[in-house]
Amino acid sequence: MGLIVTLLIYLAALHAYRLRPHPLTNPVGLTVLALIIALQPGGYPLERYQRETLPLVWLLKPAVVALGWVAWNERGSLAGRLRPFLGGLVAGSATSLTLTPLLARALGAGPELQKALALKSITSAVAVDLGPRLGVNAGLAVPLIIIAGILGAAFGPWIMERLGVVAPFERGLALGAASHGIGTARAAEEGALALAVSGLAMAATGLITALLAPLAFLLLGLG
Amino acid sequence: MNALVGFALLWAFWGLGEVLARLLPGAPLSGSLWGMLLLYIALASGRLDGRSVAAAAGPLLRWLGLYFVPVGVGVLAFENLLRDHALAVTGALVLGTLITMLATLAGARWG
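As you go down the protein sequences, you meet chains Y and A in turn.
Following the working numbering, the numbering of the first sequence begins with 4 at its first residue and continues without gaps.
Following the working numbering, the numbering of the second sequence begins with 215 at its first residue and continues without gaps.
Treat the hints as calculated values from the structure; they're not laboratory data.
A hint or two may mislead.
Going by beta-carbon spacing under 8 angstroms, a handful of chain A positions derived as facing chain Y [claimed, not checked]:
1) M215
2) L218
3) V219
4) W225
5) S244
6) L247
7) L251
8) A269
9) A302
10) A320
11) G321
12) G325
Think of the CB as a built atom: it goes at the ideal place given N, C-alpha and C, for glycine as much as any other residue.
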């Protein structure tokens, strides 16, 4: 029941996105919102819904592995640009991992929320898998990740234009590093190079964040 | 057929990654991330034919968004927490995303 309803709503949301492609019509965001609205008053237990949709979540495992194929497939777009690529991602990941929880802390959030927010820039696929290893609740992190993706995809290109950032390499890199898959979908509108770099950035950000997170949490006293 | 072989390969690399993650509990990488790295290395070494993997990875990734919808719905369990800290969440997400982008751009120019 939960599985079929999720599939149908997702298909409808995909259709809506095709009609009006905009970060705010992001299919995942729309589907989650619709399901929350549908589950809430009906009194359908969350545990039952999540049990019924477990097969979908299993597919995240091979999907993350498949990102290795994406990276290999697109490796050509990095020719001669490995240093700016890695420099940008390490700077972006380290900033996201430390500044986001600090901002949240300054505004009164507790440790659980701070840790979930620290993972806002990685793809949900990696967060679901990595979260438990870092002591982060994936159920809390994923909605925050989706919102960060929508924000970056909606306003990132606008801000970069104001700053005079026009190179497709840089635009794709920033979108993938800050806004994972949703940013990558936005980068696709800017051409093949931006799309490839953004996809690579998304895969590598998951990896770099995984490596840096334990140190960041230790420094912030969130371990 | 190719896609089925590729799908099995993706699971096999995940399984290898899971074994590695268990063997190295101190390393921060999860099984899937190890699998992603191992797959890249296998493809780069030229010993693994990318065609069957491509036949499975393409369609699998086209539906990527669908797989984490159930996890996203899990936010319901945190309704009160998020409502109580709406300002912190909004501030951290808006400013954090902006600063992450700027830091990435700065790092790329400096790198």
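Against the structure, the hints come out as follows:
1. For M215 of chain A, the shortest C-beta to C-beta distance to chain Y is roughly 17 angstroms, which exceeds 8 angstroms, and the interface hint is violated.
2. The closest approach between the C-beta of L218 of chain A and any C-beta of chain Y is roughly 12 angstroms, which is over the 8 angstroms cut-off, so the hint fails.
3. Because the beta carbon of V219 of chain A sits about 13 angstroms from the nearest beta carbon in chain Y, more than 8 angstroms, this interface hint is broken.
4. A distance limit of 8 angstroms between C-beta atoms decides the matter here; for W225 of chain A the minimum to chain Y is near 6 angstroms, and the interface restraint holds.
5. For S244 of chain A, the suggested interface contact is upheld, since its CB lies about 5 angstroms from the closest CB of chain Y, less than 8 angstroms.
6. Among the interface hints, the one on L247 of chain A holds; its C-beta lies about 6 angstroms from the nearest C-beta in chain Y, closer than the 8 angstroms criterion.
7. Nearest Cβ of chain Y to the Cβ of L251 of chain A: about 7 angstroms, under the 8 angstroms cut. The hint holds.
8. Here the hint on A269 of chain A is broken, as its CB sits about 10 angstroms from the closest CB of chain Y, past 8 angstroms.
9. Interface hint at A302 of chain A: satisfied, since its Cβ lies 4 angstroms from the closest Cβ of chain Y, which is below the 8 angstroms cut-off.
10. For the restraint placing A320 of chain A at the interface with chain Y, the shortest Cβ-Cβ distance is roughly 6 angstroms, inside the 8 angstroms limit, so the hint holds.
11. Taking 8 angstroms as the C-beta contact cut-off toward chain Y, the hint placing G321 of chain A at the interface holds, the least distance being around 3 angstroms.
12. Given hint, G325 of chain A at the interface with chain Y, holds; its Cβ is 2 angstroms from that chain's nearest Cβ, closer than 8 angstroms.
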